[in-house]
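Asks: Going down the list, the sequences are from chains A and B.
If you read the first sequence in the numbering used here, its first letter stands for residue 1, the second for the next number, and so on.
If you read the second sequence in the numbering used here, its first letter stands for residue 1001, the second for the next number, and so on.
These are computed hints drawn from the structure, not numbers from a lab.
A hint or two may mislead.
Sample of chain A residues with no beta-carbon within 10 Å of chain B, all distances over it, derived [as the list claims (entries may be wrong)]:
1) S9
2) Q52
3) S61
4) D62
5) S69
6) T76
7) G79
8) A82
9) E83
10) L110
Where chain B lies over chain A, by a calculated footprint (3+ residues, C-beta under 8 Å) [as the list claims (entries may be wrong)]:
11) 14-25
12) 93-100
C-beta: ideal position from N, C-alpha, C; glycine also.
Chain residues, written in single-letter form:
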Amino acid sequence: QSALTQPASVSASPGQSITISCTGTSSDVGNYNLVSWYQQHPGKAPKFIIYQGTNRPSGVSDRFSGSTSGNTATLTISGLQAEDEADYYCCSYGGTRHWLFGGGTKVTVL
Amino acid sequence: EVLLLDSGGGLVQPGGSLTLSCAASGLTFRSHVMAWMRQAPGRGLEWLSSISESGENTYYADSVKGRFSISRDNSRDTVYLQMNSLSAEDTATYYCTKEVKDTFQVTLGFDPWGQGTPVTVSS
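If we strip away everything but chain A, and leave its shape as in the complex, we get:
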């Protein structure tokens, strides 16, 4: 099972919106509605921000949203703020109790 594919970096100015794609296969992202997203600031543990591709856990800003189409999941951050500068990882169930992560995307707020 290969890792999911994410762009290495995305950048935008404060107030703008960005999208981060996460591409898998019909054996993982495209087969299970179980994509989650994590935010990780430097030196910190990951934080759970999206589940089942589109849902936010309690307490997560509504500026974060997700979608899924076919083998690709997408994270959108609206109204970009300085505090959103971090690494973002997607994760998908891969079957047989295995989980796959993307390589991560570094978000830079210009």
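Knowing the structure of chain A, use the given hints to seat chain B on it.
Replies: Using the frame of chain A, we list chain B on its own:
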């Protein structure tokens, strides 16, 4: 508040062994599936292993199967990761985390995560 405290990392020689611990608090530990993840320096996250609530069922990534062993002690609210035959490729920060499930017991993700414990494999 659920807290996970990872410990046990350190410097180990190639071919050596190390056991990581993760002490949980703020939850009914025996009711949750637990997992270990890792992150090599400058790299992405990698799922390593999960263990069922009772400890009866364990699952491993191909990269560590046969070398790593996950276990838990529900009387101590602690999950362990025994790591053997370590190589430089195992150098990483290791995180303990808990599966989040919905009312149908479908796993939605992993939350929270421990603070991580660094492991360096070097001679």
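Asks: Looking at the structure, which of the earlier hints fail to hold?
Replies: Numbers 2 and 11 - these are the hints that the structure violates, sorted from lowest upward.
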